[in-house]
Amino acid sequence: MRTERMTIEEWRREAPAWRAKSRQVVARLGPYRRERPRDPVEAEFLRSIGTPERLIGPTK
Amino acid sequence: MSENVGPDLPELRTALADAAKIEDLAERSLEVVAIVEAASAPLGIHPVVVGGMAVYFWTADEAFVTQDIDVLMAVPERLTAALAQLGFEKSRDGRHWHLAGTDIFLEAPGADLDRDALVTEVTLQSGRTAKILSRADILLDRLDEFQATGHQAVAQQVIVLLKNLSEDQSADLHARAAQRRVGHALDAMVALAVEVDSGRALPESDELHQIARAAMRAEYTSRQS
Numbered sequence: 001m002r003t004e005r006m007t008i009e010e011w012r013r014e015a016p017a018w019r020a021k022s023r024q025v026v027a028r029l030g031p032y033r034r035e036r037p038r039d040p041v042e043a044e045f046l047r048s049i050g051t052p053e054r055l056i057g058p059t060k
Numbered sequence: 001m002s003e004n005v006g007p008d009l010p011e012l013r014t015a016l017a018d019a020a021k022i023e024d025l026a027e028r029s030l031e032v033v034a035i036v037e038a039a040s041a042p043l044g045i046h047p048v049v050v051g052g053m054a055v056y057f058w059t060a061d062e063a064f065v066t067q068d069i070d071v072l073m074a075v076p077e078r079l080t081a082a083l084a085q086l087g088f089e090k091s092r093d094g095r096h097w098h099l100a101g102t103d104i105f106l107e108a109p110g111a112d113l114d115r116d117a118l119v120t121e122v123t124l125q126s127g128r129t130a131k132i133l134s135r136a137d138i139l140l141d142r143l144d145e146f147q148a149t150g151h152q153a154v155a156q157q158v159i160v161l162l163k164n165l166s167e168d169q170s171a172d173l174h175a176r177a178a179q180r181r182v183g184h185a186l187d188a189m190v191a192l193a194v195e196v197d198s199g200r201a202l203p204e205s206d207e208l209h210q211i212a213r214a215a216m217r218a219e220y221t222s223r224q225s
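Each protein sequence line maps, in turn, to chains A and B.
For the first sequence, this note's numbering gives the first residue as 1, with consecutive numbering after it.
For the second sequence, this note's numbering gives the first residue as 1, with consecutive numbering after it.
No lab work stands behind these hints: they were computed from the structure.
Note that this is a predicted model, so its numbers are computed, not measured.
For glycine and all other residues, C-beta sits at the position ideal for the given N, C-alpha and C.
Careful, some of the hints might be misleading.
With a Cα cut of at most 30 Å, we get these calculated DSS-like pairs of lysine-lysine [as the list claims (entries may be wrong)]:
| # | chain 1 | residue 1 | chain 2 | residue 2 |
| --- | --- | --- | --- | --- |
| 1 | A | K21 | B | K21 |
| 2 | B | K163 | A | K21 |
| 3 | A | K21 | B | K90 |
| 4 | B | K163 | B | K90 |
What the simulated footprint calls covered on chain A by chain B, stretch by stretch (three residues with Cβ under 8 Å from a Cβ of chain B suffice, anywhere in the stretch; the number is not a length) [to be verified]:
| # | segment |
| --- | --- |
| 5 | 1 to 8 |
| 6 | 13 to 21 |
| 7 | 30 to 38 |
| 8 | 42 to 55 |
For reference, chain A alone in the conformation it holds in the complex (with noise of 0.2 Å):
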């Protein structure tokens, strides 16, 4: 395993940029909707605090 290094800070500071390119191409793609299945245990607790069902995907 190798290991490269960065700081909160430097996320924080890259991560605009990065959220704006995917913004840009997600909207050109379309809504996200997660088609692998989910362990069972997972999706109840996503759905337990609200997460949308296209994003918890079938359920195993």
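Given chain A, work out where chain B should sit, using these hints.
This is chain B only, laid out in the frame that chain A set:
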């Protein structure tokens, strides 16, 4: 004088309660993992964040993220006991831990990391550090999944992750994608990302499945030659 026999779990439990209140999802998740690492490091266990939270870290876009935190780490009985002392409740299936009274939800889907994997160690506000799969490695993981499934959602993540790749990261990614037998899938997704940049919509599911199958076939063919 008493011998120092391990982490101060009551102190870590307090730190965890504070971390759970951090508003930013990435910072909260990494602080939680850093505290888990403080408890697990004396056992030689160093959790690495993978999955959707790693995609979120490298895109900073909530479009893909759920609250759960996937970490690669072994969980022997001694760590299970330490996690319980930190306030985590283990699920029935034994793979998930919920920090009682919070939205913190950990899953340890496995412990194996590629030998040549690149991990990013992030120094946090608290001074602790947390490890997360590098952008190139989460891309390799998603390329593997795309090649195997042709799923549209995975293609979306790959295209977004490719957008912010530096030249150095790109060179590393291409070299390792060939070794991981996802080089053709990477080439196809890079081409698709360029087309999407030019205004093309993401192909429909059937076409994506064809792209994934062709990439798999090309890997198989090149393996034979």
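Evaluation of the provided hints:
1. A/K21 to B/K21: Holds - the C-alpha atoms of B/K21 and A/K21 are around 28 Å apart, at most 30 Å.
2. B/K163 to A/K21: Roughly 7 Å separates the two Cα atoms, so the pair holds.
3. A/K21 to B/K90: The hint is violated at about 38 Å.
4. B/K163 to B/K90: 38 Å, violated
5. 1 to 8: Our answer is that it holds, as 8 residues pass the Cβ test (under 8 Å) against chain B, meeting three.
6. 13 to 21: holds (count 7)
7. 30 to 38: holds (count 7)
8. 42 to 55: holds (count 6)
When each numbered hint is compared with the structure, violations occur for hints 3, 4.
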